[in-house]
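Number of protein chains: 2
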Amino acid sequence: MNNNENTQKSTIKDVAKAAGVSIATVSRVINKNYYVSPEINVKVQNAIVQTGYVPDSIARTMKSNNTNLIGFIVSNISNPHMMTIARAIEKVIRESNYNLLVCSTENDPTLELKYLNAFISRRISGLVLHSTGGNEEYIAQKISSTLPTVLMFRHNECKEFVGDTVDTDGRQGSYKLAKHLIECGHRRIALLGGHLEVSTGRDRYQGYQDAMREFGLEINPELHYFGDFSELSGLQGARKLFTTSNPPTALLCLANMAAVGAMKYFRDKGIHVPDDVSVVSYGDIENVELMWVNPTRIPQIPSVLGQKAGELVLDRIQNPHRPNREATFDTDLIIGNSVKNYI
Amino acid sequence: MNNNENTQKSTIKDVAKAAGVSIATVSRVINKNYYVSPEINVKVQNAIVQTGYVPDSIARTMKSNNTNLIGFIVSNISNPHMMTIARAIEKVIRESNYNLLVCSTENDPTLELKYLNAFISRRISGLVLHSTGGNEEYIAQKISSTLPTVLMFRHNECKEFVGDTVDTDGRQGSYKLAKHLIECGHRRIALLGGHLEVSTGRDRYQGYQDAMREFGLEINPELHYFGDFSELSGLQGARKLFTTSNPPTALLCLANMAAVGAMKYFRDKGIHVPDDVSVVSYGDIENVELMWVNPTRIPQIPSVLGQKAGELVLDRIQNPHRPNREATFDTDLIIGNSVKNYI
DNA sequence: TATTGACAAGTAAACGATTCCATACTAAGT
DNA sequence: ACTTAGTATGGAATCGTTTACTTGTCAATA
Numbered sequence: 001m002n003n004n005e006n007t008q009k010s011t012i013k014d015v016a017k018a019a020g021v022s023i024a025t026v027s028r029v030i031n032k033n034y035y036v037s038p039e040i041n042v043k044v045q046n047a048i049v050q051t052g053y054v055p056d057s058i059a060r061t062m063k064s065n066n067t068n069l070i071g072f073i074v075s076n077i078s079n080p081h082m083m084t085i086a087r088a089i090e091k092v093i094r095e096s097n098y099n100l101l102v103c104s105t106e107n108d109p110t111l112e113l114k115y116l117n118a119f120i121s122r123r124i125s126g127l128v129l130h131s132t133g134g135n136e137e138y139i140a141q142k143i144s145s146t147l148p149t150v151l152m153f154r155h156n157e158c159k160e161f162v163g164d165t166v167d168t169d170g171r172q173g174s175y176k177l178a179k180h181l182i183e184c185g186h187r188r189i190a191l192l193g194g195h196l197e198v199s200t201g202r203d204r205y206q207g208y209q210d211a212m213r214e215f216g217l218e219i220n221p222e223l224h225y226f227g228d229f230s231e232l233s234g235l236q237g238a239r240k241l242f243t244t245s246n247p248p249t250a251l252l253c254l255a256n257m258a259a260v261g262a263m264k265y266f267r268d269k270g271i272h273v274p275d276d277v278s279v280v281s282y283g284d285i286e287n288v289e290l291m292w293v294n295p296t297r298i299p300q301i302p303s304v305l306g307q308k309a310g311e312l313v314l315d316r317i318q319n320p321h322r323p324n325r326e327a328t329f330d331t332d333l334i335i336g337n338s339v340k341n342y343i
Numbered sequence: 001m002n003n004n005e006n007t008q009k010s011t012i013k014d015v016a017k018a019a020g021v022s023i024a025t026v027s028r029v030i031n032k033n034y035y036v037s038p039e040i041n042v043k044v045q046n047a048i049v050q051t052g053y054v055p056d057s058i059a060r061t062m063k064s065n066n067t068n069l070i071g072f073i074v075s076n077i078s079n080p081h082m083m084t085i086a087r088a089i090e091k092v093i094r095e096s097n098y099n100l101l102v103c104s105t106e107n108d109p110t111l112e113l114k115y116l117n118a119f120i121s122r123r124i125s126g127l128v129l130h131s132t133g134g135n136e137e138y139i140a141q142k143i144s145s146t147l148p149t150v151l152m153f154r155h156n157e158c159k160e161f162v163g164d165t166v167d168t169d170g171r172q173g174s175y176k177l178a179k180h181l182i183e184c185g186h187r188r189i190a191l192l193g194g195h196l197e198v199s200t201g202r203d204r205y206q207g208y209q210d211a212m213r214e215f216g217l218e219i220n221p222e223l224h225y226f227g228d229f230s231e232l233s234g235l236q237g238a239r240k241l242f243t244t245s246n247p248p249t250a251l252l253c254l255a256n257m258a259a260v261g262a263m264k265y266f267r268d269k270g271i272h273v274p275d276d277v278s279v280v281s282y283g284d285i286e287n288v289e290l291m292w293v294n295p296t297r298i299p300q301i302p303s304v305l306g307q308k309a310g311e312l313v314l315d316r317i318q319n320p321h322r323p324n325r326e327a328t329f330d331t332d333l334i335i336g337n338s339v340k341n342y343i
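As given, the protein sequences belong to chains U and B, one line each in that order. Numbers 1 to 343, taken from this note's numbering, label the letters of the first sequence in order. Numbers 1 to 343, taken from this note's numbering, label the letters of the second sequence in order.
These are computed hints drawn from the structure, not numbers from a lab. All of these numbers come straight from a predicted model, not from anything done at the bench. Mixed in with the good hints, there may be bad ones.
Note that identical chains are pooled: a pair holds if it fits in a single copy or bridges any two copies.
What the hints assert, rightly or not - No farther apart than 30 Å at their CA atoms in a straight line, the calculated lysine-lysine pairs in the BS3-like style are these:
(1) LYS114 x LYS269
(2) LYS32 x LYS176
(3) LYS240 x LYS340
(4) LYS142 x LYS9
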């Protein structure tokens, strides 16, 4: 039994003592950054195994200033897509020995701020941020200048902002959705949007307006409901928009979770899709293959977006001062059977 | 403009210099753990604001050995429920100023080991583990003795294991599912299980056996398929089990993602549920309200399970040597319309 | 043989905080 | 007025690494 491991964690000092060398030599063996003679190498390797030594990242970080930690701040984590994105990011950064720190701000800018500071205090190496939109200047001025930053589904308009952006082309996508409804003969089109404080909400709203104008249709604010991208707000919006004497013939959902909420409302109330109301969604829906109706939609492929975000943040860590990059993915319309054709 | 902040991060030394006091005093002001005279207190507070100082967690951890970091290791992150659990854990621990480190092992024990070591190296304060099942002894002997550990959906049989467990009662739940099928007149019941290396797989398999024996039915291995709890394995299992000359009348899925995979297969092939085949699922399915068929199932409420796991791990951090605790949630059968009644 | 150079291995100073211990100063008791 | 006790503050060690600098050995060359 040459099992020397106590319950106490062993340090580089213990390894050095066990191997009969200095701690500097042990460090060199571990990091393989200087030449160490083969015999000593073997001795140290054995001592490492014998003592059960695992290098301490905390102490390492003290010197190297590198935590190999990426922070991912999500504003509404209930969206399963955000977690698919988290997974994709994690998968990419893992290959470079990074770990992912995840948190959710529940759409609260104050909490977002708290997390940002906590993560900075932890000296994260990079940040992927799905912001609430409440801290644009602070992020531009204080965060992004010192911390490699990638924004998801958000654009930061401030001049000072240094960082990258991953998004789908919201204006293009919602234009396609609206146009499709119009071309199927719909005129009274209700809109379920996200709030306009964030670029995602604005862009997608813009695309809808583009299409309406192009076809000379009136943009009627009474048919608009702006929620917070959540399932609940989708449900509430659908209720509000469709309990009128003259309900719209179609609903354009600018967020996938809002579409889920709206469709749950319709199904619950026995409102048939597409016979009673047509529905289109910006963003994919979980288990779409198993749904009673196959929604016409603009899919956002979260694994692709997440992978891109991971790549960009790693790249920016390598090269913090390169120009901002915007990864905007084109959108494709997938035709399901959730839209009634009046033509 | 008394804006002294350069791009350089300021340390406790800078604050001390700015306030004209020693670093020890600054530390005392920050931590409020010793008396400091009101005047100096004010001076230091001002200096902190002036320098834009944020305490460095890394350096703190060097002394205090406390990272306020909880690790969450998931074996198959593609299951949306795992991410709902992650969210619930994060929500609980956030209130005690902990952050969550998330990773996925893709069912690879080697990767799990790598992550475990990486997290130990990061000196995480606690661990929630959804293990692949490949490292039971190591976890019992090396991990759990020094690190507050909570297992999700897994039981560690080793005597040395020190830690808590969160699970639903798998034997009970799958017994209920099997019994329900039998009571609806099904006799040829196919089984889509998870692998038996993990307790979840074994317990649920056991419950099925209990029910079959109770009703004097033959347990026919030809009707069993053991996959890895994933959607893909569910799909493959369904294909294997239902491309025979005399297919079973019912499918008992012991994992929610497997059920998803199987149902996608059935729908794709035009096999009607429940007319052609009855399906029951252990575990809930995302957006079940929108599905073409409402599966009869045992729901596992991930937010509740996650919350429990978060509470247990925090509690164990406070009190590392208390006896192991097992949080086993009872199961309820939800009757949908995915089972044909032959009686 | 003496001098130089190469290079392996050790010594010690960081990194940024916390905290034990020492010190100096105030106030009270005889 | 002198000792003593109490206490606010500073000095310095410490946590576990990395790495610049130093030391010492040995082979090669003149």
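Verification of the supplied hints:
no., hint, in the structure
1, LYS114 x LYS269, "neither (41 Å within a copy, 51 Å between copies)"
2, LYS32 x LYS176, "neither (55 Å within a copy, 57 Å between copies)"
3, LYS240 x LYS340, "within (22 Å within a copy, 38 Å between copies)"
4, LYS142 x LYS9, "between (38 Å within a copy, 11 Å between copies)"
Violation of the numbered hints given earlier is confined to hints 1, 2; the remaining hints are satisfied by the structure.
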